[in-house]
Amino acid sequence: SQTIHQWPATLVQPVGSPLSLECTVEGTSNPNLYWYRQAAGRGLQLLFYSVGIGQISSEVPQNLSASRPQDRQFILSSKKLLLSDSGFYLCAWSRGGPEGQFFGPGTRLTVL
Amino acid sequence: KNEVEQSPQNLTAQEGEFITINCSYSVGISALHWLQQHPGGGIVSLFMLSSGKKKHGRLIATINIQEKHSSLHITASHPRDSAVYICAAFQGAQKLVFGQGTRLTINP
Numbered sequence: 001s002q003t004i005h006q007w008p009a010t011l012v013q014p015v016g017s018p019l020s021l022e023c024t025v026e027g028t029s030n031p032n033l034y035w036y037r038q039a040a041g042r043g044l045q046l047l048f049y050s051v052g053i054g055q056i057s058s059e060v061p062q063n064l065s066a067s068r069p070q071d072r073q074f075i076l077s078s079k080k081l082l083l084s085d086s087g088f089y090l091c092a093w094s095r096g097g098p099e100g101q102f103f104g105p106g107t108r109l110t111v112l
Numbered sequence: 001k002n003e004v005e006q007s008p009q010n011l012t013a014q015e016g017e018f019i020t021i022n023c024s025y026s027v028g029i030s031a032l033h034w035l036q037q038h039p040g041g042g043i044v045s046l047f048m049l050s051s052g053k054k055k056h057g058r059l060i061a062t063i064n065i066q067e068k069h070s071s072l073h074i075t076a077s078h079p080r081d082s083a084v085y086i087c088a089a090f091q092g093a094q095k096l097v098f099g100q101g102t103r104l105t106i107n108p
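The listed protein sequences correspond, in order, to chains P and L. Here the first sequence stands for residues 1 to 112, where the numbers follow the working numbering. Here the second sequence stands for residues 1 to 108, where the numbers follow the working numbering.
Please keep in mind that the hints were generated in silico from the structure rather than gathered at the bench. Note that the coordinates shown come from a computational prediction; the quantities given were computed from them, not determined experimentally.
A short, non-exhaustive set of chain L residues, derived as facing chain P with CB atoms under 8 angstroms:
| no. | residue |
| --- | --- |
| 1 | Gly41 |
| 2 | Gly42 |
| 3 | Met48 |
| 4 | Gln94 |
| 5 | Lys95 |
| 6 | Phe98 |
| 7 | Gly99 |
| 8 | Gly101 |
Just so you know, even glycine gets a beta-carbon here, dropped at the ideal spot from N, CA and C.
Using the sequences provided together with the hints, build the complete structure.
What follows is the structure in structure tokens.
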């Protein structure tokens, strides 16, 4: 069976510090991978998606970036965090088929 | 106006009641996703449907493509059903557009 991992689960970072969130998927190959953010009291927003190694599509302009160094690894990064980067970050995977997307446990980021 | 609208935003009911959550969308979609988000934040996929009706246990999801409307029903609701329910519309193969969610509270 397939599983998706995210770490860390929670993170408190000062403004201006760098960020690296990691997502890995097990039990499948060549998944589509997604990063979402859920700001406090708001809906989910797609940040990035990837259909293959090194292939990243960005949905919204921001100071975040994503990379996919390996088939089942998706990394969300920032060089300098802003207060507005606080939120709940979710990674998801799919096969692009009718079963939909499957979400990781999420990382709660607080920028102080 | 959001491309995906859910109603109600908040719903409180007594255990055993029949629950309906509605989702309307204004964009062309290839499919619709119903998700459940627990208080800790974790999201579980409930249904993915592009036509008709799907049932899983006490949960039923329906979609009317012509009317651009979907509903999620919960029969014999239970306190453990308390969560935020989110509908999300697939635009093409990759992009999910999310509703704001419906916070459901079932009291014993």
